[in-house]
Amino acid sequence: MRKDDIQRYNANERSNHWAVAILFILAGLSGLALFHPALFWLSNLFGGGPWTRILHPFLGVAMFVLFLGLMVRFWRSNYFSGNDRKWLGSLNKVLRNEEEGVPPIGKYNPGQKLLFWVLVVTMLVLLVSGVVIWRAYFSHLFGIELIRLSALLHAAAAFVLVLSIIVHVYAAIWIKGSFGAMMSGRVSRLWAKKHHELWYDEVTKQERK
Amino acid sequence: MATQNIIARSATTTTPPSIRQVDEVAKLIDVSKCIGCKACQVACSEWNELRDEVGHTHGTYDNPADLTAESWTLMRFTEHENTAGDLEWLIRKDGCMHCAEPGCLTACPSPGAIVQYANGIVDFNQDKCIGCGYCVTGCPFDIPRISEKDKKAYKCTLCNDRVSVGLEPACVKTCPTGAIVFGSKDDMKHHAEERIEDLKSRGFENAGLYDPAGVGGTHVMYVLHHADKPSLYADLPNEPAISPMVSLWKGVTKPLALLAMGAAVLAGFFHYVRVGPQRVEEEEEHEAPAEPVVKKQDPAVHTFDPRQP
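The listed protein sequences correspond, in order, to chains A and B.
Be aware that the first sequence starts at 1, since it is given in UniProt numbering, and climbs by one per residue.
Be aware that the second sequence starts at 1, since it is given in UniProt numbering, and climbs by one per residue.
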């Protein structure tokens, strides 16, 4: 770490992110245990089937509530803008680690923005459908057809969410420096310039002021 | 005792132990013979040692008002005015239908919590039940109930314990009018035919057997005087089937989704192998003057070697 590193995430943002991440792992594993028989053994991690059933919804609600924090923090920075369409058009180059012809982008690249909005939608669907199929407290309030639809939507949204997070985690492994950014909060100037040039320009402009 | 007659087991993707071959059984409930005495309800609670809480009347003969985790069978009374303007008192003994294609078993996520025996009985193993209520979601007949006491799902077992030692279910044993009979499914169908013929000869043209094909047939069947309108009988489903939403939820989508998740992880791994990580290049990193890690210092201890000039 150097003295001239740029702060990308403050301590609150990082803590919020990792709290959601931990709850995602717990809610995800307990949910996958019920998702397919091949993964039922995961219920052992939570103390067996009944405990998995008891804990999963609480973990899910906690994840949603904390995700609201991330949503509020990062909402504005995730509006699509300027070069985003062009960047997505050159996604092939991005995936080959080529930089020529890839337009500069702001604090988040369109892939990250897409992830953000997918998370917003899936988290909402998971919360609402999850409440409907929460047998112990809420299912008696709803009709059977709505419960069936919710069970289907819950599984579908969870699938999309897990898939998106797999991509998100891999991107953090692939793009060196981004994991550190979420751990220490700081990135090198070169990293910022290389991956988020418009954001870098903005930051340096403010520094000069 | 080893179980060798399980033809379907919840949340199990391999073939369960199913070598033993037995005839399919069925309980036939002749609605036209039922007098609504509720002896079957009492026999059920006696045999199974169930004592439901005493509830409140809600203005009909239905008592208790609904199936519960401790009331596995229930007479449902319907007052029906037929086209001639006569009142018909339709009494249907409700309870698990023991479907050949059970929606509860399809929906259940816990391995072995619901099993289907070769004789057609669908039974819940409460010690493996996790209490999620997916069986309720899957059932086309609204039968399973989650107990308030232990959060496990319960329903009629078709007296599996009695049937497995050659006895008929308790409700059959006790029925004073012979409205409930029990035997091999073929025999019961044959018996139903005779009853239907009799009913037709007495003016019930639409009399027929309720053995709905939408769930592959059932191991509890009804003789109905109005088989063309099952829903007359306290909303018995006209064409019961596992809901398409349940089939989609628990069908081929699940293994495909699992495969997709696995493929995504592998895609990432091989992307890393083939394309490699995206680093801020070394030279770029070294543009900034780096401080040396180890500083050269004059050693504190000086040695003297006399052989050295």
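Rather than coming from a laboratory, the hints here were simulated on the basis of the structure.
It should be emphasised that the depicted structure is a prediction, and the values quoted were computed from it without experimental measurement.
No residue lacks a Cβ here, since even glycine has one placed at the ideal position from N, Cα and C.
One or more hints might be untrue.
[As the list claims (entries may be wrong)] Using C-beta positions, here's what the derived DEER-type ranges look like: (1) A:146 with B:22: 16 to 22 Å; (2) A:95 with B:149: 54 to 60 Å; (3) B:231 with A:69: 38 to 44 Å; (4) A:92 with B:3: 31 to 37 Å; (5) A:85 with B:149: 54 to 60 Å; (6) A:92 with B:262: 40 to 46 Å; (7) B:51 with A:69: 45 to 51 Å; (8) A:41 with B:33: 31 to 37 Å; (9) A:51 with B:200: 53 to 59 Å; (10) A:97 with B:262: 20 to 26 Å.
[As the list claims (entries may be wrong)] Over 10 Å on every C-beta distance to chain B, these chain A residues come out as not near it, computed from the model: (11) 17; (12) 34; (13) 35; (14) 48; (15) 49; (16) 80; (17) 97; (18) 135; (19) 139; (20) 151; (21) 188.
How the hints compare with the structure:
no., hint, verdict
1, A:146 with B:22: 16 to 22 Å, "violated (39 Å)"
2, A:95 with B:149: 54 to 60 Å, "holds (56 Å)"
3, B:231 with A:69: 38 to 44 Å, "violated (50 Å)"
4, A:92 with B:3: 31 to 37 Å, "violated (56 Å)"
5, A:85 with B:149: 54 to 60 Å, "holds (59 Å)"
6, A:92 with B:262: 40 to 46 Å, "violated (24 Å)"
7, B:51 with A:69: 45 to 51 Å, "holds (50 Å)"
8, A:41 with B:33: 31 to 37 Å, "violated (50 Å)"
9, A:51 with B:200: 53 to 59 Å, "holds (56 Å)"
10, A:97 with B:262: 20 to 26 Å, "holds (25 Å)"
11, 17, "holds (20 Å)"
12, 34, "violated (4 Å)"
13, 35, "violated (7 Å)"
14, 48, "violated (8 Å)"
15, 49, "violated (4 Å)"
16, 80, "holds (23 Å)"
17, 97, "violated (5 Å)"
18, 135, "violated (3 Å)"
19, 139, "violated (6 Å)"
20, 151, "violated (5 Å)"
21, 188, "violated (6 Å)"
In this structure, the hints that do not hold are numbers 1, 3, 4, 6, 8, 12, 13, 14, 15, 17, 18, 19, 20, 21, in rising order.
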